[in-house]
Every structure is written in structure tokens, then in C-alpha cells.
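S.K.: Residue strings, one per chain:
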Amino acid sequence: MTRYVIGRLGGVVVILLAVCLFTYLIFFKLSPDPAVMICGKTCTPERIDSIRDVLGLNQPILTQFWEFLQGIFAGRDYGSVHCSAPCLGYSFQTNESVWSMITARLPVSITVAVGAAVLWLLAGVIGGLISAIKQGTWWDRTAMALALGGVSVPNYVLALVLQFVLVVKLQVLPFPSAPAFADNPLLWFESYIMPWTVLAVGYACLYARLTRANVIDTLQENYFRTARAKGLSRSLVLRRHALRPALTPITTIFGMDFAGLLGGALITETVFGLNGIGKMAADSIAKNDQPVIMAVTLLAAFFVVIGNVVVDLVYTTLDPRVRVTSS
Amino acid sequence: MTATPALLEVEEVGTPAPAGGPPTSTRRILTTITKDKGALACVLFIVIVVLMAVAAPLITKLSGWGPYQFDSAAINSDLGGVPHGSLGGISGNHWFGVEPQNGRDLFARIVYGARVSITISLSATLLTGVLGVVLGMLAGFYRGWVDTVISRLMDFLMAFPALIFMIAILSSLPAGNRPVLLVVVISAFGWPYLARVIRGQTMTLANREFVEAARASGAKDVQVVFREILPNLRGSIIVMTTLAIPGYIGTEAGLSFLGVGVSPPTASWGQMISSSVSWYSVDPMFFVIPGTFLFLTVLSLTVLGDKIRSVVDQGEAA
Amino acid sequence: MKKSTMLVGLAASAALALSACSGNATGSSQASAGPGGPAADGGTVQVLANAAFSHLDPARGFDGGVNNFYRLIYRTLTTQGAAPGAEGTKIVPDLATTTGTPSDGGKTWTFTLKDKLFFETGAPITSADVKWGVSRAWDPELGIGSPYAKQIIAAPASYQGPYKSGDLSTIETPDAKTIVFHLKKPYADFGSVVAQNTFVPVPKGQGAGNSLDSKPIASGPYKISEYKPGATLKLVRNDKWDKSSDAVRAAKPDGFQWTFGLDPATIDERMIAGQGTDADAIAGTVQAATVARIQTPQLKQRTMSGLGGCTTYMGLNTTKKPLNDLKVRQAIEYAVNKQTVRDAVGGSTLADIATSIQPPTVAGRVDYDLYPSTDHKGDLDKARALLTEAGYQGGFTLTLDSRTQPKMQAMAVAIQQALEPLKITVKINPIDTSTYYEVIGTPSQQKDMAITGWCPDWPSGATFLPPLFDGRNITAKGNSNLSQLNDKGVNAKIDEIANLTDVTAANKAYGELDKQIMALAPVVPLLYEKVLMLVGSNIAGAYLHDGFSGGIDLVSVGLADAGK
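Residue numbers (UniProt numbering), protein chains in the order written: chain Y, 1 to 327; chain W, 1 to 318; chain U, 1 to 564.
Possibly wrong hints are sitting among the right ones.
Unchecked claim - Taking lysine-lysine pairs in the DSS-like style, the calculated list, with each CA pair at most 25 Å apart, reads: (1) U/327 to Y/29; (2) U/107 to U/215; (3) U/150 to U/116; (4) W/61 to U/427; (5) U/116 to U/320; (6) W/61 to Y/134; (7) U/240 to U/382; (8) U/382 to U/321; (9) U/327 to U/382; (10) U/382 to Y/169; (11) U/185 to U/215; (12) U/321 to U/185; (13) U/185 to U/508; (14) U/107 to U/228; (15) Y/29 to Y/134; (16) W/61 to U/477; (17) U/321 to U/423; (18) U/327 to U/515; (19) U/107 to U/447; (20) Y/29 to U/382; (21) U/184 to U/150; (22) U/508 to U/427; (23) Y/29 to W/35; (24) W/220 to Y/230.
Claimed, not checked - A few chain Y positions that, by computed beta-carbon distances, are all more than 12 Å from chain U: (25) 10; (26) 50; (27) 55; (28) 138; (29) 148; (30) 174; (31) 176; (32) 189; (33) 221; (34) 245; (35) 270; (36) 271; (37) 284; (38) 288.
Just so you know, the hints here were simulated from the structure itself, not pulled from any lab data.
Quick caveat, the model's predicted, so the values are computed rather than measured.
For each residue, glycine too, the CB sits at the ideal point set by N, CA and C.
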């Protein structure tokens, strides 16, 4: 097991390095000269050159990449300024340390992701369970039809509709503003409930369909029938024997979805004006702020890759069959 | 979520690899669908949208307004360019009303927008389909280093925050041919989700008796792959690609919504929704019309894909 | 020389609005006074903004968004007046006792500092600190803001700012109160130059690297108490600032609070609703979609409108075929339908139609229209006739560079439509906003046409026409002469005006030069965009300042009732 974990973590490092290098190369090739952008409107070639020097842009690309990596683990110097590890550089736009930009915004993204995850897990799994138990009834059919609808609404459309109805027309909610929980718990909740809902709807619908399908499959498995035949009550068998195998695949998918969200819900955060990682990504892209783009890409990839490993580990403990094969 | 085809395909993870029954016949899919009213309605709507896309120039000739034509008389310049009349200027002249600030005909723009949605999503589906099936089969059939290389590539691509990366790439690329760029970028991040499933199924199939029999009788690798394995993957491919189309329509609209989609004056539903954002309280129809078309198109395709899947699943279970 | 990207930034950050009391006001006096009423002492003015400030370091920041804001935390040798209309664009003393004393035929300028000037640290502001601040403009990393100090003040060619190159000998500080500038050549309007952001004092020896961008050292009435870049900025009183030393800044409120990163539509909704602290809020120009919603008497009462002081125009690249033909350019002047261009930015409430290069806020500007058409909708017959004369009746294709920003795209599409009947196919070349100016400022990359804007750095022709049309200023990078016009007559006239020592006469001459240039049709003036702001009901002391692209003058705005 330990060897397996170490092996996986090695893979993680390789993938992250690859993501890093690829992103670095792409933007190095595609983007306009950052020195020209920093230099501004009245710029002389000498000034561009000295800026390129400070940023290390005159070195070969691989050297630059190496310095970038060094910055993350050991810190680096830009001219007279020292940037201590973990150093992701400074924003071309605001000169802010990218690391501090991330730490300032991550709590918002985490709040958005966790709240949405709680919502969609509850709604999706419970809805799916009920549908499976009441398979074929009007409840089942309606719920599954709604779920298809929910999967089909683009989230920005849903976000705009909710904001228009709840905030502008009915005025039951304020415009989202991402306040601290401690300052005003009610406002905090009112601010986040719309983003949570918007993000949760699509996932909840998928999870409901998935849970339903899995539970129905399990109900048809032999061990389940055996347990019923032994005279155990249906609800007991459901709880003891159907739920766990039915929900195991959900764990996998949930881990990946949740990890994906931690890297920033770009559209939702942008539409609601929440200052999280997603909005930072959108803003940095709009301004071609390469160090920030690099950092958000890396961060999001980091969450996805780590999420992958965690999911596999959890999966092996949850599903005995996998445990046998992996050992 | 608009940008992650993964979401729609993720369900595949939970379903067991097919038992390798007889390939589902297209006819059986058709008969099932024609018996289902809901599915029929979806087919009908999709046919309408496709017709709109194909016959766009003809249709707008009938309606009288082209998609790029300004109609200054239809908007009120003193009030920020809001359309004259109620419901966003819906009239016999402009069937769906007009766009604020320039008076372009919304009906014509919806019709031309369908072209963009359909072309881009179909091309992206085709490209992901080819990439996903070929690479997935290669990995599953040859195993060994081929599998390692392809699987690592898939891991790598799936680790990317696709949406962020797509926007970043699209906004820094020179304008060029936007639709082609969109298709390439969407497909580049989309194919691993299909390839992963195909790879798994190919692995199972490659060990089956009929494949081994074919090999024993001297068939070449190419023949085995295309004659024996590919036909057995047909069900999965049909299901996954039908479900991918609405995903890509959503992705295209999402990218246009974020301002990196097709460039003006080309009409696109996502871009219409994006420009309607600031107008929704004054001119809700400007938002409602493209929003409804986008939603219904995605819904119809999803429902249809879902139906096809259940038919295929039943076929395989039989 | 700021391009009107700034307009966008400004809309977001420098905008201000006032609010009408939302029903529950308990008999406070401001109910009918409106945004222009007298401001009370105290309270906090809220600012809702989309775009964050570019830089807090005055050597770096240089756009409509920060220039106005800088006056709250910084002072300069001179500054613009604090009043609506022409009074606001008049240069008045700030740190200095006068607007400067020239000698040596205008080549040497001397300023004397007032008494009782302090930084927020309590340290006195000396002439050495002013010199230190100015010399930072030569630092290649820092001096990306206002270019005037570098252009006008003499300096060794190798000088790279105080941190790298040490002392700058061409600025003398004979004593703690006196500062003497030696210029490259005589400059009549140097009193206006020292109002630029680069003349903000910085304590000698400090301000290296990025330090001022995160922690400015205030010399004005406020200092920064909390700054989360991209999210919020809080200003509180700088108690070391002495009111008696400052005739410009009313500085009534106790503080300011900026919230950045808000969606423009959300800002409008909040301003219309005006609930809670939004009654104390100001914001940028409203969205076109909001215009129809603020027509009620209550909302109209807290609406402010005026010209932005910039010109939006389309440059015609005179080096490209067939735009090198004057007749073709004139045909385009006639053909453009300025009504549809105006609708694209939000109609008559958000822009006036432009016919001359300089906007009405520039002193000495003349109103004329060399290429008239009914209601400015374009005269296609005249255009066709000119094209036929030039031999282009069969049409041709032009490429129009445009920013990937909805408003700019909308204008580009309007131009495209207007030229279509002439069989001129306009291809729109979308360029990412972040690189737009870099591309169009590089003659080897710029295409046939480009839509952009220009705002004067102070409202005189000197900062408008020469940078845009002096043919000897065409550079390989960072070029602002988009039409690449290099006309002997125009160049000669520019030199002639530059030698005038009387600023008023010079401005008048620029008005005439404007016409002379338009006869050559190097640009199509499109719009003079307006600001239209909705302010909170409790806002008072607000007026639009012509010197800050029509933003609400932040040093005068306050709350009607500070206790609410």
C-alpha cells in the first residue's frame, strides 16, 4: 500500500511538471512580449530590454522555466526584490505577489465549492435513492425528467435567471458580495446561496441519475436477492447491502468534480462577481497577466491530480474487490 | 459545467463494460424513439434547428431581415438604444424583436446562430470521435508502451483545467479562423474522455474468443481491429457521441459567452446571451429568446442521447 | 497622452454617483438638494467599481481612473482647480506657492514650497522629496506613467532614476523650500506639467521596487488603511495633512471605501436600488441598458451627466492602399453613419457626435463639420462620387483593428455596415484588449483602420494634436500617430505653435490646426463620449470634473448627512 501511494505521488509530480512546462511553453510562444506590456505607452527599446533583463526573459526558455520551478520551491530574486518560496512571481498588472493573490482568494473558492458540494450531494443522492426505490412511479419519472432538464441548463443562464428573479425582481436576496462569515453570518449565507445553487443544480441532476442507476443495478445483484430470500426486511437490506456498493462509484466522481471546482468556478464567480480563484483566472486572462494565468492553471491541475489520487485511495478502502487486485 | 463534456460522460464510469452481445441495430433505436412521444418531440425540435442552420439564407430572405442588417428605426437612441415597442420590439416586421443598440433582427440572428452551434459542435464531435476511438483502440489493443504513452497523455490532458486553458489559449491566439480554432481547442481537451472508455472496452474485447479466433486464422492486426473490435464498440460510440454534441454546444456557447468564441458580426447564441446580460431587466426578451433556444437544443439532444443509451444498454444486456 | 482605454478604467473606478434618499430618511435636509448640495463633514463615501486601480505608485499610474484618485492621497507642485467647468481645468498652486516662475526664456522654472506640508509619517515635505519623486520617472521599471517629466526636463541620456543612477543634476534644490528645473528647451506651459502624477513627493531614499504600489506614502488629506488589490481599498484621514496649506481639497468625508471587481450591470442595479450604504455610493458611467430605467423623476434627480473630455475616432492608415488616396479617405468621412456608431455605445445620452478632432472641453477648440450629412447619417452619394473620381467605384477590402470588448466591437460592426453600400468590405480584426495598443502602435503590425480614443492630459491642444499628427513622431513601436500622417504643412504649423509663449494664442491656433488636419482626412472623428452617473441619495458636493475625463471630483464630494 505504501509503495502504491509513493508510486502514485511520483506520477502526480510528473504530471504536474508536464502541465507546468506545457503551459509555460504555450504562453511563451503565444503571448505578446510581457516587457512591452509592462513598459506601457511611452516606451523605448532600451527600457524594454532592461525590463526583459529583470524578468529574465532574455534567457533561454528552459532556463526561465527552471527558475520558475526554483521559485516555487526555493524562492528567487527579481532584480533587487526577493520573492520567498513558494514564489509564483508577481502579477504583471498589479505587481502583487501571485502567491498572496491566491491565498487571499482561495477561501472564497473553497466556500463556493464546499457549499455547492454539500447541496448537490444531499439533493442528488437522496433524490436518486428515492427514485430507485420508487422506480417507475410518477415521482421517479418526474424527478428523472427534471434531472435531464437540470443537466441541460447552461450555468450562466441559470445564474442570470436566479439573479434577475431573486435579487432584482423579488428582492429577497442581496447582490452576492462574499463577506466574511464571522462579520455577518446571515449576509454570508444570502450571498453564497445563489452561487451554491447554480453550481449544484447540474451536478445534483447527474448524481441523482447515477445513484438511481447504481442502486437499481445493485438491487438486481445476486447477493442482494439472497439477503432478501433469507428473510431480511427490504429496508434493512437496502441500508446494509445496497447503499454501499451503489455509492462507491459516486465517491470517485464526487472526488473529481469537487477537486475540479476547488480550482475556481470561473463562470459562476464571474457572473456573481465573487472574488475567487475563478474570477482571478478570468481577469488575468483578459489582461494577459501571464504569471497569474500560470499560477491558476497550475493550482487547478494540482487539485485535479491530487483529487485523483485521493479518490483512488478512498476507492480501494471502500470497494473490497479493488483492494484484492491492487495488493 | 458547460465546458466539461466529462460531466455527461462520467456516467459511463459506473456502467460495467458491455457483455459483448449482438451490436445494437440502428433500426431498433429508431423504432424505440418513434414510439416515445417525448423523444419524438426532441427529434422534431432538433430537425427544426438543423433546418434553420442549413436553410438560414433562405429563411431570412422570407423574414425580410439579414443577420447583420441594422434597423435604427426600431430602437430608441435617446434611451440607450432600447427597442421600440413591448417585448423587445416583437412585431410582424421583426418576428423575435430586435437587438438593442443597433436594431439587428433577432430572428435572423437566432437562425444564423444555429449554424454556428451546429457546425462547431458537430465538427468537434467528429474530431473527438475519431481521436478518441483510434487512440483508445490503439491503447487497448496493443497495451504495453503504446498504452502507457496514450494513457499518460490522457492523464495529462485531463489534469488540465480545460475551461481556463481554453479561454487563455483562445484569447492569446491571433484571430485567424475562429470556428476552426474553437473546434481544435475543444477537441484537444475532449477526446480523452471518450478514449478512456474505448480503451477499457477494447481491452475486454481483445481477450474474447472471437477475437482470438480471428487472430488464429491469420488476420492482421488492422483487420482484427476494424472488423472484429470496432463493430462491437458501436453502441458505446453512438451513446457517447450523441451525449457529447449537447456538451459541445454548451461549451461553444460558454466560450462565446466569455468573449472568446466566434468574432462579430457572426451571430452565436452564447454571444447573444452574453450581450443580453446588462439588458435583462429592460429587455428580457433579448435574453429569453437565445436562452430558450440554447436550453431546448441541449435538452433535446441530451434526452435523445439518453434514450439511445437505454436502448443500447438493453440490447447489450439481452 | 493617454489613450482612451482609460475611459473604460475610469468608468469603473472614478465614477461617482449620488443618491436620493430612499424614503426612510428622517427629515434630513438633503432630500431636495441633490448631488450638488453642500457636503457635511464626516462619513464614508463608498465607490463601486468594476476595474481595479492600475497602480498606486504615482510614477506608474497614469489614466483617468487613478489621476482623480491620486489627489486624495497625493499632492503635486500644482494641480487642477476643484470646480465644475473651466475653473476645474485651470492650473492652481498646490504644494508650491505659485504656478512657477520661468527664467532663461522659459528654459528654467523655479517653484517654492508652502509651509506646513507633511507626509503621513509626520516628516516634513521638502524640495528634496519632490525631486526624489520626479527623478523616479527615469527609472525604467517605475517610470511607465506620465511621460512629460522625461520629455521636457533635461537629463543625461544614461540617467535611470535615483535608485540606479543617483542624483539628477538638472533638478536643483538650493534649500528645503526651493526647487529649480532645467528644461531641454523652453516650455511655456510647464506650470501644467508639474501637476502630473510624476511630481508627487516621495520621501528621499524610499519607494524602491514595488513598495509604493502596495503601501503609498500619503501627502494628501487621506491615507490608505487597508488595500486588498482587486477587491477593496479603504482610505482614512491623514491627520498630518494641514487644511490651511491646501486651497483645493475640501476633503469633507472622514474616509472613502472602494469595492472593485463588481459587474457593471450589478453596480447599476445597486445604484438604482440605493439600499443601505449604497446611498453613500458613487459609481461609474451607467450601462446603455440602464438609461431607460433612470428616467423617473427620483432617479433623474440623482443623475449627473457631462462630456468625458475625450474623442473617439477611427484612424485611417495613410500608408496603405487605397487609403493613401485623399479622395478615398474623404469618401469614408462622408460615408460613416455616426448615428449608428453612437447607438452602439448607448445612444444620445451617452455620447455626442464628433465632427472635429478636439472635444469641446479643450480650450480654443472650434466647432465645424467639413464632411456634413443629414443627421450625421452619412452622405453616400457624395462618398460614391468621390470614390468614382478616385477610380474605386468597384469597391475594395479594408481591415479594421478592434478591441475584443463589446462596445468597441459594436462600433466596428456599425462602421462595417455603413461602408457596405459602397462595396467596401470591412474585415474586423479582433485584438485582445491587453495587447491592442501595442499592436496598433506598431506600424508594421497595424492594419488599415483602427478605432481608438484620445484624452488630453490637460485640456489644451498641446497634448492632443502634436502627439497624434506630428509626422516626425512616427515610431516603430508605441506610435500614436495612427494615420501615419506626415504632412509638411501640419508639421510646420505644429512647430510654429510650439514656439508661441502665450498659452491662449497657442490654444486658438490649435483650433485652426484641427481644421487644417481634417481637410486631409487622416481620422474620422466619431464621438465625444459622455459620462452619465447615478449617485447615492446621500451624496453631496458632487460635480463632474472636466480634467478627469468627466469623473466626479473626489476631493470635493461628500455626504449630505454624515450621521446616517
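S.K.: Against which earlier hints does the structure fall short, listed by number upward?
M.R.: 1, 2, 3, 5, 6, 7, 10, 11, 12, 14, 15, 16, 19, 20, 22, 23, 24, 26, 27, 30, 31, 35, 36, 37, 38
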